[in-house]
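Visitor: Just so you know, the sequences run in chain order X and S.
Last residue of the first sequence: 810 (the numbering used here), numbering continuous.
Last residue of the second sequence: 810 (the numbering used here), numbering continuous.
Source of the hints: derived by calculation from the structure; they are not laboratory data.
Heads up, some of the hints might be wrong.
Not the full set, but computed from the structure, chain S residues with beta-carbon under 8 Å of chain X [claimed, not checked]:
| hint | residue |
| --- | --- |
| 1 | LEU391 |
| 2 | VAL473 |
| 3 | THR697 |
| 4 | GLY698 |
| 5 | THR716 |
Listed below are several chain S residues computed to face chain X (Cβ distance under 7 Å; list not exhaustive) [as the list claims (entries may be wrong)]:
| hint | residue |
| --- | --- |
| 6 | ALA477 |
| 7 | VAL563 |
| 8 | GLU567 |
| 9 | PRO574 |
| 10 | GLU669 |
| 11 | ALA673 |
| 12 | THR680 |
| 13 | ALA703 |
| 14 | LEU704 |
| 15 | TRP802 |
In this text, a Cβ means the ideal position worked out from N, Cα and C, and glycines have one as well.
Number of protein chains: 2
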Amino acid sequence: MPSERLTAAQALAEMDSGRLTSVDLVLACLDRIDAREPRVKAWLHLDRERALALAAERDLERAAGKIRGPLHGIPFGTKDVIDVADMPCTHNSPLHQDRVPVDDAACVQLLRTAGAIPLGKLDTVEFAAMGRLARSTNPHRAMHTPGGSSSGSGAAVGDLHVPLAFGTQTGGSVMRPASYCGTYAMKPTWSVVNREGAKMFAPSLDTIGWYARGVEDLRLVAEASGLPASDRPARPVSELRIALCHTPYRDTLRPGAEAALRRAADGLANAGATVEVHELPPTFDGLDTAKDTIMRGEGRAAFMPHLKTHGDGLHADLRSHAENRTGISPLALKAALDYAAHARTVFEGHYRGFDAVLSYGAVGEADEGLSSSGNSVMNSLWTLLHVPVIGVPAGDGPTGLPIGVQLIGFRFADAELLDVAAAVAPVIDPWHGKVRVPG
Amino acid sequence: MPSERLTAAQALAEMDSGRLTSVDLVLACLDRIDAREPRVKAWLHLDRERALALAAERDLERAAGKIRGPLHGIPFGTKDVIDVADMPCTHNSPLHQDRVPVDDAACVQLLRTAGAIPLGKLDTVEFAAMGRLARSTNPHRAMHTPGGSSSGSGAAVGDLHVPLAFGTQTGGSVMRPASYCGTYAMKPTWSVVNREGAKMFAPSLDTIGWYARGVEDLRLVAEASGLPASDRPARPVSELRIALCHTPYRDTLRPGAEAALRRAADGLANAGATVEVHELPPTFDGLDTAKDTIMRGEGRAAFMPHLKTHGDGLHADLRSHAENRTGISPLALKAALDYAAHARTVFEGHYRGFDAVLSYGAVGEADEGLSSSGNSVMNSLWTLLHVPVIGVPAGDGPTGLPIGVQLIGFRFADAELLDVAAAVAPVIDPWHGKVRVPG
Numbered sequence: 372m373p374s375e376r377l378t379a380a381q382a383l384a385e386m387d388s389g390r391l392t393s394v395d396l397v398l399a400c401l402d403r404i405d406a407r408e409p410r411v412k413a414w415l416h417l418d419r420e421r422a423l424a425l426a427a428e429r430d431l432e433r434a435a436g437k438i439r440g441p442l443h444g445i446p447f448g449t450k451d452v453i454d455v456a457d458m459p460c461t462h463n464s465p466l467h468q469d470r471v472p473v474d475d476a477a478c479v480q481l482l483r484t485a486g487a488i489p490l491g492k493l494d495t496v497e498f499a500a501m502g503r504l505a506r507s508t509n510p511h512r513a514m515h516t517p518g519g520s521s522s523g524s525g526a527a528v529g530d531l532h533v534p535l536a537f538g539t540q541t542g543g544s545v546m547r548p549a550s551y552c553g554t555y556a557m558k559p560t561w562s563v564v565n566r567e568g569a570k571m572f573a574p575s576l577d578t579i580g581w582y583a584r585g586v587e588d589l590r591l592v593a594e595a596s597g598l599p600a601s602d603r604p605a606r607p608v609s610e611l612r613i614a615l616c617h618t619p620y621r622d623t624l625r626p627g628a629e630a631a632l633r634r635a636a637d638g639l640a641n642a643g644a645t646v647e648v649h650e651l652p653p654t655f656d657g658l659d660t661a662k663d664t665i666m667r668g669e670g671r672a673a674f675m676p677h678l679k680t681h682g683d684g685l686h687a688d689l690r691s692h693a694e695n696r697t698g699i700s701p702l703a704l705k706a707a708l709d710y711a712a713h714a715r716t717v718f719e720g721h722y723r724g725f726d727a728v729l730s731y732g733a734v735g736e737a738d739e740g741l742s743s744s745g746n747s748v749m750n751s752l753w754t755l756l757h758v759p760v761i762g763v764p765a766g767d768g769p770t771g772l773p774i775g776v777q778l779i780g781f782r783f784a785d786a787e788l789l790d791v792a793a794a795v796a797p798v799i800d801p802w803h804g805k806v807r808v809p810g
Numbered sequence: 372m373p374s375e376r377l378t379a380a381q382a383l384a385e386m387d388s389g390r391l392t393s394v395d396l397v398l399a400c401l402d403r404i405d406a407r408e409p410r411v412k413a414w415l416h417l418d419r420e421r422a423l424a425l426a427a428e429r430d431l432e433r434a435a436g437k438i439r440g441p442l443h444g445i446p447f448g449t450k451d452v453i454d455v456a457d458m459p460c461t462h463n464s465p466l467h468q469d470r471v472p473v474d475d476a477a478c479v480q481l482l483r484t485a486g487a488i489p490l491g492k493l494d495t496v497e498f499a500a501m502g503r504l505a506r507s508t509n510p511h512r513a514m515h516t517p518g519g520s521s522s523g524s525g526a527a528v529g530d531l532h533v534p535l536a537f538g539t540q541t542g543g544s545v546m547r548p549a550s551y552c553g554t555y556a557m558k559p560t561w562s563v564v565n566r567e568g569a570k571m572f573a574p575s576l577d578t579i580g581w582y583a584r585g586v587e588d589l590r591l592v593a594e595a596s597g598l599p600a601s602d603r604p605a606r607p608v609s610e611l612r613i614a615l616c617h618t619p620y621r622d623t624l625r626p627g628a629e630a631a632l633r634r635a636a637d638g639l640a641n642a643g644a645t646v647e648v649h650e651l652p653p654t655f656d657g658l659d660t661a662k663d664t665i666m667r668g669e670g671r672a673a674f675m676p677h678l679k680t681h682g683d684g685l686h687a688d689l690r691s692h693a694e695n696r697t698g699i700s701p702l703a704l705k706a707a708l709d710y711a712a713h714a715r716t717v718f719e720g721h722y723r724g725f726d727a728v729l730s731y732g733a734v735g736e737a738d739e740g741l742s743s744s745g746n747s748v749m750n751s752l753w754t755l756l757h758v759p760v761i762g763v764p765a766g767d768g769p770t771g772l773p774i775g776v777q778l779i780g781f782r783f784a785d786a787e788l789l790d791v792a793a794a795v796a797p798v799i800d801p802w803h804g805k806v807r808v809p810g
């Protein structure tokens, strides 16, 4: 199999057995990028030479028996709102075209320390917020969005440019592109991965997330990031109890999403899992509104330095945010924060006894056109609740584009959710164990 | 008056009237630093030449009628866990001696855009957390600590090295040095000042704060930082209703703190304010424990990159943190976060009708010796509650060292708290309107 089609875990096994070098893997990724990038437009910056030099170093080390960590020799991409030392970090903003940070962001440093190789920077909605959209296209159909704001990250992993990529999520910026691009993704519990060196938007919500082409790869990033391991044994599907949740936003669904969720739920039930419809409490209907209030209220500070420094040079959408033109009052912001905090507590009790919650990955297939990155309503509520989320591909929608589902866990039980996802992915994902090659 | 003794507001008035230049002010600050630094040891880095060059630019601009913002020509210091472009930022850690960031931290950028001049970097407890202590001494008595972790920031402003300085607070790291060094300080509401470019420790708690020698100066930094203005008219002391709160930690007090608080309360009552003892609800007794759990639980991620990259090169105290050696469980962390969130809601209702809460600035005078930066128990609870806090000097303790009090406000009502502080400071601070010159 061409090595760019391997998952990170598969590539590591090949390297362990001497059948693959990191240099070969990086070259294969670069070839795939060269072939596909004119259409997919995932990358804002590629550092071919340094990546190959690092790969050669990792290969020498491996030959000498020195393995740096769980991702030794694996290339990865980084959303361009996250710093990588000595690479430009533009935030896809005209205000930052010349910015070259000297440090890796914390999440990048963790992967680099684990032996992984930063390949380049991936296109993003400006500042992972609003303003300029990414130029990236959906790898499965170029006239459709890959989602956003981690547009390039979802597209690059979905298009086999690179086995792993970082994104960030404040609303639905990691999970929606995963659904649209047919990839796996993980948004861990809020605060368990250090966000230093990533552009912030709303500190109560901002979370580093990552893309991969399988649960095992998601776990490798979690391990490299120092997330605690589970102390409970993993269980087979047949022993899992899954809550099926349609969210308060079911009326926003478009064709295919309902069917994808139903297929996933039926598959799990057929595999012996206990699947029970268990909706969120009625008091959770305001989650999306609260998320919006917090994003706007906290986002004011995120773009204040840009507003004060650049004035009208700042994109009008971001300026409006920093100027609080929507008039979020202190009282409204406090109410939203307190409501969200209360909902976090209630969530834990409401789903006690379940191993995970299963819900839509997005409202439907990827939207046509590149003038919007899509609707985050199916993702934002979980971000607000701070719970870990894993996106799993769940087949195609009516037009043949991917649709995913989300598995939602409990705060700080990220490793447990990875175990659940590993058990259910073979049942949910029709491409499990196979490689979907766009183009 | 020697210009280093001027507050920022006074210096601005002098500059406006043509009696002072920014270059003169910076030179006066540097002279004071040269005279006192061998004893006070506040600074890790000074950029004399660039500061003077910037001051000359600001003077030229002022002469041409161009005022950049509310701090045009005012020098300030920055705690060395906060990035200033092109200055070393070491976090007082041997792991970062060579680090020179290319960007200003957001808070520094805001002040620079407002015309202020970064003078240098101030000593700090390692990573504003634990590990190496600052070498800084208390300007009022060199064998005593200035407090920490913003040790150099409190000492520099207290010793008239610079009118303004940034610190950071996760427990009591801004407010305790203010009390020990006899300065004013402000910790705004959590999240209203962008923390990008400052080392994080516990994201639920970390807050940028600042030191000054008067409330007017605190307000200038708030304005430069884009904090919303108050829409309520400021009121005189006689119209204020102040809650006197002794906290659940009164048994930790040392000589002088109780007397300082009583003097402040009596002064306010004599000035016509309504001062009523109104303690926190009994359910708040766990605030300090919850803060400790959150700091340890969230702090794990803060130092994970250092642990993975440097291993035993990381200070043992920080390593223990990243390795969660105190065994904070997911359940304990969740419980602490939910408890704190609930307490934030309760606080608002419990003190409704009051304009501010008045409490101790610290448990007493600055501790003797430099092997500890003191006890944060009187500050941490307010940090955890996310409320804005202003520290006001309140006279001296039994050995003649300063002791402060804290005024505590309500979330997102930072400007309103500044109004209260401006009204009460002349009553509380015996040095109000005078200059206390250590040494």
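Visitor: So which of the earlier hints does this model not fit?
Guide: 1, 3, 4, 13 and 15
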